[in-house]
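> Each chain, written out:
2 protein chains.
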Amino acid sequence: MNSDNDTLVAADDLTAYCVAMLVKLGVPSDEALLITDQLVEADLSGVHSHGVVRFPIYIRRLEVGIFNARPHITIVRQTRTTAVMDGDNGMGQLVCRRAMELAIAKGAEGDPAWVAVRNSNHNGAEGYFAQMALAHDMIGFCFTVGGINHVAPWGGAEAMLGNNPFAVAFPAGEELPVILDMACSPAARGKVNVAAARGEPIPEGWCTDSEGRPTTDPYEALKGFVLPIAGAKGYALTTTIGMLSTMLSGGAFGRDVTHLYDDFKRPQNIGHLVGVLPIAPFVEVDEFKRRMDKGIRDIKGVRRRPDVAEIFLPGEREQRLLIERRKSGIPLAGGTIDELQAVGAGYGVSLRLAADARQGACSDCGE
Amino acid sequence: MNSDNDTLVAADDLTAYCVAMLVKLGVPSDEALLITDQLVEADLSGVHSHGVVRFPIYIRRLEVGIFNARPHITIVRQTRTTAVMDGDNGMGQLVCRRAMELAIAKGAEGDPAWVAVRNSNHNGAEGYFAQMALAHDMIGFCFTVGGINHVAPWGGAEAMLGNNPFAVAFPAGEELPVILDMACSPAARGKVNVAAARGEPIPEGWCTDSEGRPTTDPYEALKGFVLPIAGAKGYALTTTIGMLSTMLSGGAFGRDVTHLYDDFKRPQNIGHLVGVLPIAPFVEVDEFKRRMDKGIRDIKGVRRRPDVAEIFLPGEREQRLLIERRKSGIPLAGGTIDELQAVGAGYGVSLRLAADARQGACSDCGE
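Here the protein sequences line up with chains A and B, keeping their order. In the working numbering, each residue's number is its place in the first sequence (first place is 1) plus 3. In the working numbering, each residue's number is its place in the second sequence (first place is 1) plus 3.
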């Protein structure tokens, strides 16, 4: 993930930059901090595809007013255990967080609770929201409709579905929580861009051309579609995640989903569904955590392939990296840094880089 | 799916055979009918891997007493919106149905409800249980831990996870309901057996050898492991489904899962998690169904690949086939018929075949 072109940035400096920028664009400072926390956590965790690499498009959408910097988020309808939330076209990081806070509050009395959200926006990595449930001894869920239609229905030759992401988080005891956070394609489209830039073929199973035929040519792939994982199964899965995320709330689904990067006229009306499953009604929380710890340890202790040093649980590497990078800093790609600085320049905001930060230089001097 | 060796059997005749057999093995007749309904529905839907092909192992387990023919299913613990159910080692079809009935009853007042199950058994196709919610205008969920550990944790060289299945069912209006029902591998292990029998290689991505190395050799694959879909993602998904199915209830997970076909000493303690999400608290049911219908029609109307005649939603083909086969009969493989007749012979129960049933003969005479 890191390369010689990466530059180290301290998490606090990245946070300061993002908050300053969001405030310049009219976001209240407390909310700017909440939004930034999720973005920086993605980069801390190594999930760079959902970290500050998205910041320039967010700023662009704030600039043209197609994100609402000061949303009035409302609960449209609610019961003791459910709610429909309208995000008022606010940033997805803020809206989805509010939704999860509401689900947790509703679940606090021991009921499963779900909040369906509409009029939200791209919300970055889903795991962040699912894991909010952990401190409350609940299993957390987050489903979201993707902000770009990359995927053709199975047999189709037209991108009409997102690569819809979802997350499930389980608390554990002495072990790290288990956090699934995935979308429905084998590889993010960004990797196709990288292959095209290098003139390298892409693996089979990643993409089709514009007629829906399998291709390993990255240029044809960029005119075509992202393939879902395992073909028809991944199509069924992304359809399901998309329907969960939108049908209860009235978020945009399928043909009605606009393009995060190409359409600056229509708000996206992104939908989420977040939920909690409190543990205590089912089993004493300590016993649940003992069960989790045993399952985790059994998996980690499994006989390994000769070339494999350690088995990881879902989300384990990300959580470990997060702890490590809080100390060591976040390696960001040179291109990302340049873009952030360019975006910041117009507002007099610059991103402070770590002293002696070139990793390439550090490796050269043997550190 | 059909071949010249298939024999047509009427659904009613298949039902009569299964009920008679279960009753001979001590299952009460009303419960035998419920169990059979789910198995026959799988064959009607073309999901033969989870239909009566499993009947011989079920009978064998009833014979040796490792299935409880007359379980006393109990609710161990419950609240208004949750329950833990103990299946008393009854057949999974019965226990999981009772759990879903309970979830639906709890959801009837408009709350999301979940029932976690332990001491159950192999329950066939999950979609059957999820779709029970549809008539009640609820979204239905069913998660189950698989009854055989075929899958190695990612990087592992030891099968310690099931190919865990799950289902989500959405009601629609004029269109057919959308029913996702999938497990976490690209291909069922049964397909590897078929390839081995034919001496044909298997596709890349299906299996590893016993050291966890990818292989296309079906013989090596049978000594090895089933690969999850999309590698680490499928591993994360099957781990998640397994944890959902067992951690709340105390069902067996990972290393504690015994083998459906090889272990006749220890009850399997299979876990399920079933749940409902009632629609009315979120949105008028008619409006929800209009949203679903629009989404479904948009997908079905998408531009198609030149070689594709129709786009199907998840579960659509299965539901159509079910209607068709109720009239035309169920084509069962010759080997399956032979096995059912052999199992039945010892009990004086025979499966009536449809008159003039050999499909091969019919094709020969031009019908």
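It cannot be assumed that every hint is accurate.
For chains that are exact copies, the list does not tell them apart, and a pair is met inside one copy or across any two.
[As the list claims (entries may be wrong)] Think about it this way: if two alpha-carbon atoms lie no more than 30 angstroms apart in a straight line, the pair counts; the simulated DSS-like pairs of lysine-lysine are:
{"#": "1", "residue 1": "Lys194", "residue 2": "Lys297"}
{"#": "2", "residue 1": "Lys268", "residue 2": "Lys297"}
{"#": "3", "residue 1": "Lys226", "residue 2": "Lys303"}
{"#": "4", "residue 1": "Lys330", "residue 2": "Lys194"}
{"#": "5", "residue 1": "Lys297", "residue 2": "Lys27"}
{"#": "6", "residue 1": "Lys303", "residue 2": "Lys330"}
{"#": "7", "residue 1": "Lys330", "residue 2": "Lys268"}
{"#": "8", "residue 1": "Lys27", "residue 2": "Lys226"}
{"#": "9", "residue 1": "Lys27", "residue 2": "Lys330"}
{"#": "10", "residue 1": "Lys330", "residue 2": "Lys226"}
{"#": "11", "residue 1": "Lys27", "residue 2": "Lys303"}
{"#": "12", "residue 1": "Lys303", "residue 2": "Lys268"}
{"#": "13", "residue 1": "Lys268", "residue 2": "Lys194"}
{"#": "14", "residue 1": "Lys226", "residue 2": "Lys297"}
I should point out that these hints are in silico values taken from the structure, not numbers from a laboratory.
> Hint by hint, note whether the structure agrees.
Here is how each hint holds up against the structure:
no.	hint	in the structure
1	Lys194 - Lys297	neither (36 angstroms within a copy, 33 angstroms between copies)
2	Lys268 - Lys297	between (52 angstroms within a copy, 23 angstroms between copies)
3	Lys226 - Lys303	between (41 angstroms within a copy, 22 angstroms between copies)
4	Lys330 - Lys194	within (28 angstroms within a copy, 49 angstroms between copies)
5	Lys297 - Lys27	neither (49 angstroms within a copy, 40 angstroms between copies)
6	Lys303 - Lys330	within (26 angstroms within a copy, 51 angstroms between copies)
7	Lys330 - Lys268	neither (41 angstroms within a copy, 52 angstroms between copies)
8	Lys27 - Lys226	neither (36 angstroms within a copy, 61 angstroms between copies)
9	Lys27 - Lys330	within (28 angstroms within a copy, 68 angstroms between copies)
10	Lys330 - Lys226	neither (41 angstroms within a copy, 45 angstroms between copies)
11	Lys27 - Lys303	neither (47 angstroms within a copy, 45 angstroms between copies)
12	Lys303 - Lys268	between (49 angstroms within a copy, 27 angstroms between copies)
13	Lys268 - Lys194	within (28 angstroms within a copy, 50 angstroms between copies)
14	Lys226 - Lys297	between (47 angstroms within a copy, 27 angstroms between copies)
Hint compliance for this structure: hints 1, 5, 7, 8, 10, 11 are not met, and every other hint is.
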